[in-house]
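Protein sequences appear in the order of chains A and B. Residue numbering for the first sequence follows our numbering, starting at 1 and increasing by one per position. Residue numbering for the second sequence follows our numbering, starting at 1 and increasing by one per position.
Check each hint, because a few of them may be wrong.
Identical chains share a label here; the pair holds if one copy fits it or two copies do between them.
[To be verified] Straight line, CA to CA, 30 angstroms or less: simulated DSBU-like cross-link-like pairs of lysine-lysine:
id	residue 1	residue 2
1	Lys340	Lys186
2	Lys327	Lys366
3	Lys327	Lys338
4	Lys221	Lys327
5	Lys234	Lys366
Keep in mind that the hints were calculated from the coordinates and are not lab data.
Protein chains: 2
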Amino acid sequence: MSKMTRLPSPRLLMGPGPSSVSQGVVDAMGAPPIGYLDPELFELLEGIRVGLRRLFGTSNQFTVPLTGTGMAGMEACLANTVSPGDQIVVVAAGYFGERIAELAVRMGAIVTVVRGEWGRAVDPAQLRATLEAGPAPVLVAAVHAETSTGVRQELAPLAEIAHEAGALFLADTVTSLGGISVEADKWGVDIAYSAVQKCVGCPPGLSPVTVSEAVLERAQKVNLPHGYWFSDFKLLGSYYNAPHVYHHTVPVNNYYALDAALSEAFAEGLRERFARHITASGALLDGLAQMGVNPLAPTDCRLPTLNAVIIPDNVDDQQVRTNLLTKHGIEIGGGLGKLKGKIWRIGTMGHTADLNNVERLLAAMKTELHR
Amino acid sequence: MSKMTRLPSPRLLMGPGPSSVSQGVVDAMGAPPIGYLDPELFELLEGIRVGLRRLFGTSNQFTVPLTGTGMAGMEACLANTVSPGDQIVVVAAGYFGERIAELAVRMGAIVTVVRGEWGRAVDPAQLRATLEAGPAPVLVAAVHAETSTGVRQELAPLAEIAHEAGALFLADTVTSLGGISVEADKWGVDIAYSAVQKCVGCPPGLSPVTVSEAVLERAQKVNLPHGYWFSDFKLLGSYYNAPHVYHHTVPVNNYYALDAALSEAFAEGLRERFARHITASGALLDGLAQMGVNPLAPTDCRLPTLNAVIIPDNVDDQQVRTNLLTKHGIEIGGGLGKLKGKIWRIGTMGHTADLNNVERLLAAMKTELHR
Chain A
1 MSKMTRLPSP RLLMGPGPSS VSQGVVDAMG APPIGYLDPE LFELLEGIRV GLRRLFGTSN
61 QFTVPLTGTG MAGMEACLAN TVSPGDQIVV VAAGYFGERI AELAVRMGAI VTVVRGEWGR
121 AVDPAQLRAT LEAGPAPVLV AAVHAETSTG VRQELAPLAE IAHEAGALFL ADTVTSLGGI
181 SVEADKWGVD IAYSAVQKCV GCPPGLSPVT VSEAVLERAQ KVNLPHGYWF SDFKLLGSYY
241 NAPHVYHHTV PVNNYYALDA ALSEAFAEGL RERFARHITA SGALLDGLAQ MGVNPLAPTD
301 CRLPTLNAVI IPDNVDDQQV RTNLLTKHGI EIGGGLGKLK GKIWRIGTMG HTADLNNVER
361 LLAAMKTELH R
Chain B
1 MSKMTRLPSP RLLMGPGPSS VSQGVVDAMG APPIGYLDPE LFELLEGIRV GLRRLFGTSN
61 QFTVPLTGTG MAGMEACLAN TVSPGDQIVV VAAGYFGERI AELAVRMGAI VTVVRGEWGR
121 AVDPAQLRAT LEAGPAPVLV AAVHAETSTG VRQELAPLAE IAHEAGALFL ADTVTSLGGI
181 SVEADKWGVD IAYSAVQKCV GCPPGLSPVT VSEAVLERAQ KVNLPHGYWF SDFKLLGSYY
241 NAPHVYHHTV PVNNYYALDA ALSEAFAEGL RERFARHITA SGALLDGLAQ MGVNPLAPTD
301 CRLPTLNAVI IPDNVDDQQV RTNLLTKHGI EIGGGLGKLK GKIWRIGTMG HTADLNNVER
361 LLAAMKTELH R
């Protein structure tokens, strides 16, 4: 039944995540576990929290690696800010913006979606118009880096409009954190979540979140959705902070990997790291353009982390992806939702964002597209 | 800020979990990740599911390693069976039984707790009397191996009474799965959750669950609590089973570790594995008895996986545990809830359940207790 000691086939992960990770990170992941109340665990956790604050550009005390993946982080952030019956507004021009709305609806919120074209950023004026017309939301949410379209949404203008309307501002930074600059405090982001398996450079299993005092205060006052014990920031705070009361058994090996990845990121330098993502993405798009494969998003809002490119006519989406995986050992992603079959999503994220990897993919693409 | 390549101090984990794991398991954890839609991932997942069915003693198709820890599994199982306003009955004689009740209350259930003395099993007649007196519950829940007291609760009699009352039966098998026999189908367990970091022999991060068709059918019909997108079995089923629709990015490295741990368990043989737990626990309790340290639970309901022992008078609980950790590199656990300061919880679980480890702890205990 099992694979025993058989290793997985080597894969260059250039999809929408997980990305490939460094040897140092997987080595760290394979260290023996320690206990969830071990003083060394809290030392490790504190180091991770300091590092995550740097990546998020925040001084928020409650900045932690939640147990779970990015989607668990999305749900936890909503569950700690939205009460049933609350008005919330979601700015969405892609699959993950729509998911925020979907989860909030499930929690009983009254959700207004400010929709933009998939593959473009949303004009902040649309949000302003919505807030001027409608009832006052408690929360406005937006996606910084839309994984389904490769689009960067500037957050500061949206946060400003949200705050003028008296709302808190929530950001999805899943495909930006560690790959492009995130400045939560400067931009007015009150709460944000991310994932470690994209630009941060870890195997999946943790969702970094940062939560302002304003959000924590609100969470004390409001009638949050029923349930959500595992994601309750108040309960979690008693574990992450002294007196470190037992809540759940945190995944310590995933902490080791995150700690190693953060160390590598700061040893490289964030500016250098962000530049590396831009270089890799630029080389990828240049090479693909020569094969007639062009990006979905215009330059002014295009992400250097997730490259959404339009599948040329007469090309078999699934066949190309299968061949890349099985013949060349390279994973790229297909389109999600209404972009399924229309685009590929190619990640240049974290450890994967490297010119050698880009060259390898371009050579394989050339073969598979017969260009 | 970070520990760079510094390894954690070596720890012999003899607390209530995580347990120490084999070199093979951590080596597997440190393999490079692959993608969440990779055909090899689904092959790996299928192997894990077959292995988990064997551990759970079930043929349930929906037997999967949920992303999260045991507490996430507890919450997911409740969220997929209990609607707000439902009557549920929890059999509780410890901290984790009470937690089931706490989570169900948060979800809006009307909860009746059949309470027993901490350190003893609950008499099934108590459950029968409660069900005869009260309104019909949709669910009866109980803890197979109560991690806070070291007590084994026989499940078959409780399941039978629950079914006679028309209720589904939920079991917490966190501290039993992989360490003592679990026979979900034979005992009439409709849904159960566990954790991988205790008797299964992995680092924490996954919660094995098994769910019968009866539960899945109910989950389709009822008005489940708002929210719980991440834990929704219906959505998860579409990922775990073909057509494998993207839900969230599963923690593949934790899958590697679980696959390796299951392989090791079946290579050892389950009967031999369970016997090893009994041998280790027996040697531990014999040795401790010679120092005047005696078990909380009577022999007829005592677990061989988690040994709850009474702290002798005039012994400083915290000092002994700190010395064991810092001077001897051995972690044991303190008491939870009303047993805090009164007992130690010593795990002989998974890879830790070994006579050499027991000898090492006994020698250290002898030093620290001056016996």
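A quick look at each hint next to the structure:
no.	hint	result
1	Lys340 <-> Lys186	neither (36 angstroms within a copy, 45 angstroms between copies)
2	Lys327 <-> Lys366	within (13 angstroms within a copy, 61 angstroms between copies)
3	Lys327 <-> Lys338	within (28 angstroms within a copy, 60 angstroms between copies)
4	Lys221 <-> Lys327	neither (56 angstroms within a copy, 45 angstroms between copies)
5	Lys234 <-> Lys366	neither (53 angstroms within a copy, 40 angstroms between copies)
When each numbered hint is compared with the structure, violations occur for hints 1, 4 and 5.
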